[in-house]
Structures are given as C-alpha cells and as structure tokens.
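Q: With these hints in hand, go ahead and build the complete structure from the sequences.
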Amino acid sequence: MSSEVRFTDFKSDKQPTWCPGCGDFGTMNGMMKALANTGNDPDNTFVVAGIGCSGKIGTYMHSYALHGVHGRALPVGQGVKMARPDIEVMVAGGDGDGYSIGAGHFVHAVRRNVDMSYVVMDNRIYGLTKGQASPTSRSDFETSTTPEGPKQPPVNPLALALASGATFIAQSFASDAMRHAEIVQEAIEHDGFGFVNVFSPCVTFNDVDTYDYFRDTLVDLEEEGHDRHDYEAAKEVILDAGKEYQGVMYQNENSVPYHEQHGVTEDMSEIPDGAPEDAMDLVREFY
Amino acid sequence: MTEDLNWAIGGEAGDGIDSTGKIFAQALSRAGRHVFTSKDFASRIRGGYTAYKIRTSVDQVQSVVDRLDILVALTQRTIDENLDELHDGSAIIYDGERSWEANIPEEATAVDVPLKSLAEEAGGAIMRNTVALGAACEITGFDVEYLDESLEKRFGGKGSKIVENNREAARLGQEYVQENYDVDLGYDLETTDNDYVLLNGDEAIGMGALAAGCRFYAGYPITPATNVMEYLTGRIERYGGHVVQAEDELSAINMALGAARAGARSMTATSGPGIDLMAETFGLIATSETPLVICDVMRSGPSTGMPTKQEQGDLNMTLYGGHGEVPRFVITPTTISECFWKTVEAFNYAEKYQTPVYLVADLALAVTEQTFPPEAFDMDAVEIDRGKLVDDDTVDEWLDEQGRFRAHANTDDGISPRAIPGTIDGAHMSTGLEHDELGRRTEETDVRVEQVDKRNRKVETAQAEEDWDYREFGSPDAENLVISWGSNEGALVEALDYLEEEGVDVRVVSVPYIFPRPDLTDDVEAAEDVIVVECNATGQFADVLERDTLTRLKRINKYTGVRFKADELAEAIQTKLTEEVPAQ
Ligand SMILES: Cc1ncc(C[n+]2csc(CCOP(=O)(O)OP(=O)(O)O)c2C)c(N)n1
Ligand code: SF4
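Chains as they are written, first to last, in the numbering used here: chain Z, 1 to 287; chain H, 1 to 584.
Certain hints may be false.
[To be verified] Restraint ranges, calculated between C-beta atoms of paired labels, are given here:
no., chain 1, residue 1, chain 2, residue 2, range
1, Z, Met280, H, Gly240, 18 to 24 Å
2, H, Asp446, Z, Glu142, 41 to 47 Å
3, Z, Glu253, H, Tyr320, 51 to 57 Å
In case anyone wonders, no lab produced these hints; they're calculated from the structure.
Since this is a predicted model, take the numbers as computed values, not measurements.
Beta carbons are placed, not taken as given, at the ideal position from N, Cα and C, and that holds for glycine.
A: Dropping the structure here:
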C-alpha cells in the first residue's frame, strides 16, 4: 500500500446489493473515512462483520476481513486483536446480530474492554430476513411475526453497555455523514472498546424510524454541552427514553484496555521452527 | 506375591483424596516404578464419593484391573464401593477413632490407625491423609522417604513448616503400623533407577500445544476438558501467548477463529455439549479455510449425560456434525504420550491443510495419569509446518491481474496460499458464504462446484501425502483381529497377556486417525473374526468400518460410564469369538 491512504482504498470492487437509500451506505462510508483518518491502511486493518444486510459491510470493504456467523462477530474481533495487538480491528453488524443472538457476547466484549471499535447499524428491524421485529423495535411496531407489535420494551443498547462497564458509548446517524465519521473516528482512537450505535434506516421494511424521523428528532450532545466524562450526565441522556441523541454519551478517562490489564502485547503469529528451546522444562515439571 | 500393587484412597469429595493420591503416585514414580492412576469422581464438589486409584509395577502398566490390595478408607462408602475388588490379601487402613463404625469385610485385614490423632501430633488434623500414606508405606515395604520429595512438591508453596509437619505425619503413620501391626501382605516394593514423569492426557495435550507453538487458547470450563485450559494458563504466557475464559463455547471457538486468522496457532477444547454449540462455527472455519485445532474430550452423553464418566460417544458428531459438507480431520490419540504427539500433528495439519482439526480424546485418557520416560516427549523431534503461509515477498505470485490476493485460489492440491494481516497486498475478505477465489460472495454454479471440490481435494491430498498409520499389538498373523480407537488401547494390550494364557491368539489394531484414516479393508478381509471395541452403545467406529469394508463386524460396546478393564476385555473377546457374525 502507498503511504498516502485515502478512504476509497478501503472500498472493494464489489458493488453493494443494499436497497438504494439504505442507511448502511452512509454507515460504511463513515467507517472507511474514520479508518483512513486514523492512519490505518487495508493491510493492517481487520474488519469483522456479522450476518444481516448490515453484516455484508465487510464484503464491500477492502481490508483483511471476516464475515462470520450470525451474532458472533465480537468474539472473532477480540480473538484477532488479542493475537495481534499491532492490527486495527473494527467489528460491525446489525441490531439483531448484536443485541439479540449476540447480546451475550456484547455484554462480555464491553466488559473486556479490548482496544477495538464496534459499529452497530441499528435500523430497528431485521432487514435481511425481510422485516421481522428486532430487539430495538418499538413495542407497538407491527411486523409479519408481531402483527400487534412485540409488546415488549425495546432493548436500550447504550444502557446495556453502560451497565456492563463500557468505557466509550456513542451514537450517530448514518445520514449526518460528517458527524458520523467523526464519532466512529473517536471510537477507534479510544483506548479500549469503542461502541457506536448508528441509526441506519431501513427504507424497505421500517416506515417509522425513517430518515425524516431521525432528522426531526435528533439532538446533538455536542451542541447541548454534554460532558462525556460525567457518568451521571451520561446515565441521564442514555436513560432518557423521550429523545434520540447523537454524539459521545460517555467516555471513561481511566480506561485500561484489555491488553494492558493482561499483558497481552506480543505478535502471536510468530513461532519458532520447532519446539521452543526450553521446552524440555515443560516435561520436567511432571517429575 | 506379585509386585503389581493396587492401592486406593477414597472418601468424600473435598477430603483431599486427589492430592493425597497424587503425592503417593509421584513418590512411586520417583522411585522408578511404573504408575497408572484412575479416578472415580462424582459430579459434585462436596459430599460425593471419590476415589483415587493407583496401580504400580516395575513393568509398564496401562490399564486398571479388578483388584484392590490396599485401601485407605475415609468413609464406609469407600469400603462398600470397592467390595468386589477386595480379596483375602487386601488391607484396609482406616481411623477407628472416628465416629463411623467401620464395617470391614472378613477377607481383608483391618489396619486401624488413629489418623486424626497422629496428624494432630504432627501439627494438625488436616494431615490425616498423610499419616495414612505413611501407614501404607509400611505395609507395602516402600521407604517412607520417597514421600518427602512429593510432599515438598505439593506443600512447598505453603512454607517449609508445612512440609516438615507432613513429613513427620507420614513417619508417625509408618511407625504406628510398625509398632502395632504385623501385617504381612508379602509386599516389598522394588525401586529402580528409572527416570519417569507422571502426567495425564489433558496435560499432555496442553504440553503438546505449547511445543507446537500454540499461542492463543479460548475455552469455557467443562469437565473433562478444563484441565487443558488450566494447564495452559500460567504457562502459555512464557511464550507470549494468552488464554481467555470466554463467556461460552460459541465465543470460545469464534475467538480462536479470530486469533487463527490473525496468524496465531490457536486452539479451543471442550466436551460434547460444547462441541454441539461450536458446530455452526465449525462450518465457517472449514469454508473460510482457517487453521484451527478443536479438542473434544469426550464424556458420557447425550445432553449433560454423566459429566464425570467415560464414553466415546461423540465420534459421529465430529465426523458428520455441522450442516452442509465440509472437509475436516479427526485425530484420536490412543495413549497419554500420543495425546502429546497428536496435538503437535493437529497443529501442523490445521495449518498445512487450512482446515479445522478435531482432536478427539476421552475422559479416561484425560484424567488418567501414567508414567513415561521423559524421552517419550522428546522436544527435539517436534517439527513445525506452517503450510503455504505467504509473506511480503511471496505474496505477489498469488495476486490476480488487478493485484487482488487469491486467498481461495483453486490449486491442484486444494490448498491455497494464506496471508495473515500485515502482509502487504494480502488483504482479503473471508466469509462463510460461498465465494470465489478472491473470497467474494457468489452463487454461480461453476464457481460453487469448483470451491466445494477444491476444499474436499485437501482431504484427498492429505490422504495420499500423509502417513495415516495405526498401532499394532499381539500376534501379527493371528486370525482374530480386534480393532479399537482412543483410550481402549492400554486395556487391550494388557488383555493380550490374559488371552495368551488361555491360548487365544489375537492381533490388536489401534487407530489414531479416524478421518482421514488408514485403509483397513485388507486387514479385515484377511481375518477370520473381527471385533471392534469401543466405549459407546451403538458402535460408531464399527459403523464406519462396516461401510468401508462392506463386512459385518462383531462389536464389544461398553457404555456404563466406566472404562474397559484388561481382564474384562479378555473375557469379552473370548466370548465374542465364539459368537456367530450377525446377519447382513
Ligand atoms: C443462526 C442463524 N439464525 C438465523 C439466521 C437468519 N438471519 C439472517 S440475518 C438475520 C437478522 C438480521 O438482522 P439485523 O442484525 O438487524 O441486520 P439487518 O439485516 O437489519 O441489517 C437473521 C435472523 C442466520 N443467518 N443464522
Ligand atoms: S432491506 Fe433494509 S436494511 Fe436491508 S438493504 Fe434494504 S434498506 Fe438496507
């Protein structure tokens, strides 16, 4: 790769098959910009994606990448980063992928605070399986499998993250290109697990959480003078069910990432040609 | 009297049964004697019956037998559980001062030792097991000094005072028996200058992984695989590696997959229920052509089954599990030292063929300890083969006209080049979706067929290139052929002695590779009688062999949860030989 990395270097030659107007286009562009802006190039970047329309994102980007199984992208990303602290790792997926089938992994990935970023394209619906309720769907949102709405409150992923000990929690809107790229960039630069929930409208199956809806309601925390280092203030905006926010809700200044906690700093891809020199000591332990 | 001694200590879980047994086993091993241990344990931590059994001899021992010579009984249940194995030369060491009224069977010699009082005299009641060890030394004519080193090993970390007290406790036990009893069971345990190490299968797998350059391990605790994780924890770091306790098996295998794609040799180990959970990702590993070692230490299933009991019931799952059709290797070590060597091989095959490798062990191998000369684990013989790993200089030959890396290049041998992150110009996408040479999703029929064939061709290549041999025992020309896999080998080899005494000639073939596997057709055809021995109810390996050889085979199946014993196997083989072959 040339030393001058442009964001288009992260673009693959594969044309996305997303519906025209899908929020995932904007989400992806912002991710690529943020990666380029932080000085990464495709040869030292690893993107892991889940399953869903959103999960296809890795196939449309150019870098080392894995498109895994439904809900398991976070463990893969953590494995990559633990083995290779020198590599930039970004995980991406949908709200179904991350907060339903993968919810358990989400909580634990947050707790581990591995130094990587996690971008969730939250369209409040299952897109790829054609419009069923997702964990972030409104309780009265009618779908093919919930004709009268799920009748359950939606998951609040930001609150889930906060309760799990997150060190960086943010939310962005795919269509506010500049702000979205900025916020993802901050997540990458954060020393620890940088979590961004992105409003990424599904133009085909969700006629409630639309571009217009977000444009009309979105409140930018930066403009509100929100102090991201203030845990109580973060709690307040995160638990405020009446508003949709964008910006960084919370950032822990004392974040100690996983590799520092555990002393995992070596490039694990390098091993000797045969058994290590002192290997007979391993046997002698069994005397 | 024979110098083959069978000793056991039993009590409630939490009574320190395991560590006491281990101290004695290590002492015997340091005295140059062969040791083979087995454990009875229940699936609870306190209150369940547990026992640690040791068979020791100057000759090699590799199986359990139905005989108990010395029993240290901390509870009546210990005696009751072992009634069948006691004989008129047995001695039972117990503490008559304790509240239980020991009901000692007539044929055994009762050796009542005030374990608790003597332990208190030495510094604390907690050392009563050590007193019992001293008593056992006296009865067997085994020098109590041999215990010193293992007591140091066990208690050294707690300070020299504790070690000293334990040594004293052992001596008090030894002297008490010397002064108060005149038990002569005829033992005078011979010692030798032989140098042995004592370890179990899980430890051998962990050690093999370190020797093979494993740097990343992710797992979720499950009996009987957890010891692999516990062994690696605290050791893998010496080599710059890391162990993660994941939130579940789904996470564990996906983390290991991530690390493997990042270029690290990585592994996960689990048991039946965990293998089920990993099945989906197993398919992803195979289609994304990621090198990964997945170790299944089998226990009794199905479902939660009997978690602390022996079984070889997961073979079908490892051979056929997962949706769709994916190439895989299934390697089944047959002894504890093989657990080491097959683990090393598993890592090499995983990288060489870029495919998941199942390393299938069973509970009996995993928790049993056995003595080996250290050379059995000769590290100089460890070879590393990283396969077609490309670097900045060699990546070019695998780029297409547009400079894109052909990560799934359709090669003659089915094996593509592999670039790990950081390799310049090697960046590529991998996916569980069907893909073309570049890793891009496709549903084009010819590309689909090409990629499926390419992946399956790896197995053909491996089948032709590698040595998928088997181990052989008994008389090479015998008309009776016994085939087995996994931990049954030890008992079968010892059964040969019994069979020889009965004038029954048998050839034993023990198979460490199930897929790819050695071709046994000629062996089966040449034999008069063929019996397949396995610890499961349906004969999963026998099914495989019947399909290979188009021959009906006799089967010996045990699924009680207890491993085969040598004498029991000899008898079963004799009975089977007289039976008709089942109809086609
Ligand atoms: C184990 C498993 N269960 C179900 C599916 C089917 N499936 C594919 S995508 C999806 C939901 C995706 O929803 P979301 O994560 O919100 O992504 P979106 O398509 O909306 O971007 C489901 C259930 C699957 N691929 N694997
Ligand atoms: S279905 Fe919805 S989420 Fe999927 S591509 Fe179309 S607009 Fe995007």
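Q: Has the hinted range 18 to 24 Å been met by the Cβ atoms of Z:Met280 and H:Gly240?
A: holds, 19 Å
Q: Is it true that the C-beta distance of H:Asp446 to Z:Glu142 lies inside 41 to 47 Å, as the hint says?
A: Hint holds: Cβ distance 43 Å, inside 41 to 47 Å.
Q: Evaluate the given range 51 to 57 Å for the C-beta pair formed by Z:Glu253 and H:Tyr320.
A: holds, 53 Å
Of the numbered hints given earlier, the model fails none.
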